[in-house]
Amino acid sequence: MAPYESETAGRRKATRYVVPVAVVGVAAATIGLVPALADSGNPDLPKLSAQQLIEKIAKSDVQQMSGTVKISTDLGLPSLGGAAGAFTPGGGGPSGSADGKGGSSADPQSKLMELASGTHTLRVATDGPDRQKLSVLDSAAEYSVIHNGDEVWAYDSASNEAYHAKNAKDAGAARDRAEKQGRDKRETRDGVPATPKQLADEVLKASGKTTSISVEGTAQVAGRDAYKLLVKPKQAGSTVGGITISVDAKTGLPLKFTLAPAGGGKAVVDAGFTTVDFSKPAASTFDFTPPKGAKVTEGDDHKAPGMSHDKSHAPKDLPKGMRKDMPKDMPKELRAGQGGGGLNDLKVLGEGWTSVAELKLPGGHGLPTGGSGSGSGDVPPEAQKFMNALGDHVKGKFGSGTVFSTRLVNALVTDDGKVYVGAVTKDALVKAANAAH
Amino acid sequence: MSQAEAAPVGAVTVDSVPVRKRIWTLGLFRSELVTTFRRWRTLALLAVLAGVPILVGIAVKIETSGDSPAAGGGGGGPAFIAQITNNGLFLVFTALAATLPFFLPMAVGVVAGDAIAGEASAGTLRYLLVAPAGRTRLLLTKYAATMTFCLVATLVVAATALATGALLFPLGDVVTISGTRIGFGEGLVRALLIALVVAASLVGIAALGLFVSTLTNSGIAAMATTVGLLITVQILDQIPQLHAIQPYLFSHRWLSFADLMREPVYWDDLVKNLGLQGLYAAVFGSAAWARFTAKDITA
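Chains as they are written, first to last, in my numbering: chain L, 1 to 437; chain Z, 1 to 299.
With the rest of the complex left out, here is chain Z:
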């Protein structure tokens, strides 16, 4: 979804504007991407994310290289970890299950929180607005860049996990969690689908972070608030007494991506998750728009 959305955001605004402007919009998006991905901070985040599957892979390898390769940890640990030794592809799922609750959204929170507030605190925001871009388009560009980061971050985790898994463990037919068997090729397709769903699961927090980012002129404050909100929501999601509100927390159905590994795929939670992310994107995206277009830019 994120990929699908990242491109159209450019495209949607585009249809009605002249060609010259369209090129210019894409140019803004491109330069935004370049700025985002050239930052040392972004690269460090991606490196940390890439490190997780490598660490998990090595840990599982060391753990099972001893006398009992079959024992699967008795069901503890992140989802799918028991199957890794038999099929390296499962490292992709395990790595995503391990990074989705915290590492991935934290990275997204940092990037999203920095989007507007970072420019403001660096004093570059007003120069961006001096160009005839319009605040709405700038905001859309920022959001598109953040969502591209969601996708890239997820794919970095998945690709590293796949490479690590292929190096350390055998690959082959995949046994779904329903106990049926699918070929390795279809397994790869599922892995890609899962990565896309995981990226789409981050759309909500990206919008939230962007909204927070429009509230303040301090990049650090925006990042800290976003990550703080993430932690708060994760904690709320664990308290059984709050089960009435939990279905509406953006992190509640994150793990539903695992439903893609059922046979047949169980769509209910997946659809609910994507719908919820869309709702968060709509609410906080429009709130960010309301705030940003009405804000006095002083820095």
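The shape of chain L in the complex, shown without the other chains:
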């Protein structure tokens, strides 16, 4: 073979490899471009004031819908996934080990704690006030909470276990009330505003001092045009940068909820619909009879309402609930998860976004048990040192203590056994502790 010939042959061989490389290139371009193209459209919607938008939310009366929700939570805590299940039944809950039933994996409490960290896909379906379903999609398994009439079922397909609470009528009714009117539980419960307009006025007035509420353009959420409502703390010292709520322009249903930390970076909580459908869900969605052989745990009647209300309600509401009170609720929930039953003397210092909760640890010196709830009290000095290493030492008028930080919530544990918790910066926390002393 002449050298020239073999050279062209070689080149021809090499050009064939262009095909796979081109395929990779096209695929990469598609993967890179498609989300960008999908994002680019900020829909043109008529301008609305914050007042009008809140009215719209309040007026919203979506009875029938179903959809898929994606929730990403990054509190800056170590992964709670496994740990949460491990310590909730014992430490956390009203339904826990007291009656020895804490073991069921279908118990809504332990399951829904997992939502506190990581990314999860949920499905929700609602058909009127009597029927709701919430499913947490796991790998090759699903955890569903189904409310149909006066029955509440929870079913864990991974372990084939079910949890059943009956006569939860009150709970159901209360939940529905909260859900219907319920973008703002607090106001509703205080028994006030009759019309959406009044409610909007109320909300704006109540929040005026501490919070700025504004409409920040539009967005596409789950293929629907939405307004973005931005809720921002006016007070300095809050760790909350801002809360964005995307509200469906047609129905007024909040579709997406994003909580950004003041420190910047990834959102702490990002929950929103990825698909949403306002037609009536199939009736069979809400039918549940436990499969043959499934282990059924009966919830106690008097406990069921609380459980179905608080627990199954919370995550479902998260994406759609417009929660001004979110930042205030958040530390509360964390406390419920972490602190266990031993909290007493709870005081709230300050107001609005910078409110700090003060509480006493049982037995005075309880630093290491502050996080785990099940504390046996006696901790080896090495562990103590380790715990101290996790936080920053601070000194002030209150004495000295340790600050434990997450991306949203900071906690100051003083050496004399007091705990200050709030969604505020370290400095603000120390100031609050000083003031309280």
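The set of hints was computed from the structure by calculation and includes no laboratory data. Errors might be hidden in some of the hints.
To be verified - Within a straight-line C-alpha distance of at most 16 Å, the following computed EDC-like cross-link-like pairs (lysine to aspartate or glutamate) qualify:
| no. | chain 1 | residue 1 | chain 2 | residue 2 |
| --- | --- | --- | --- | --- |
| 1 | L | Lys13 | Z | Asp296 |
| 2 | L | Lys292 | Z | Asp173 |
| 3 | L | Lys70 | Z | Asp269 |
| 4 | L | Lys70 | Z | Asp268 |
Use these hints to put chain Z onto chain L, whose structure you have.
Just chain Z, lined up with the frame of chain L:
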């Protein structure tokens, strides 16, 4: 998909060629199938695959025949295992979930890796090319035969599992993992769909194996490399720090077939999985083509 693809591969090349050639192409495909499925190695692989659901079924039966038939193992073990005692159909899903991570792709890797390199090391490749088949068509035939094996292997697992499940456990209405109830007939349809999705999930590794097979003249080396790649990818998929690349690993969404058991079916991951398998097939299929058509055949 695999079934759908296996047939068209023959059909796509076919339209433009005369009838005589078409028969001849199918003949090549048929003889390829016969060679593949007549090998003792292939039969042994299929027997191992058939053994898995039988073993799982018997193990679950023994485990639960004692005093507490209801306890479902607390959620451990392969997906769906808790439901087997109540409905034998779930053995199909469990068996597929148990074999998909390793047994099935390993078998496919062996067959795909052997496809070209095996011929080369046996010294039969050049005789295949002496016939006026063309290298591209030979490669397509090999790939079609490999994908047929994917489908057959999956169906063997599913069918054995169904038979074992029907023998050892009751059958009846199926409770989906969303908690809703569907009839046994629809359950069977879902099982078949799941088997097809599982077979389609193997398309990616089949293409990868075929590409590796064109790189070497040693059948053993090609099989070992393919299975080695499979293990490597499975390990990479477990390392949390690598989450950025994991969505692009061919095994990442394999278990998404379980989404067919949700009500309503959750399509997102299924579609992504099938798309990814198609991408792997396109990339490594064309790479195999580039290599094979340009290669010096010495054996």
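Outcome of the hint check:
1. L/Lys13 / Z/Asp296: 11 Å, holds
2. L/Lys292 / Z/Asp173: Judged against 16 Å, a Cα distance of about 10 Å means the pair holds.
3. L/Lys70 / Z/Asp269: Distance ~14 Å between L/Lys70 and Z/Asp269 Cα, so the pair holds.
4. L/Lys70 / Z/Asp268: Status holds; Cα separation ~12 Å.
Of the numbered hints stated above, none is contradicted by the structure.
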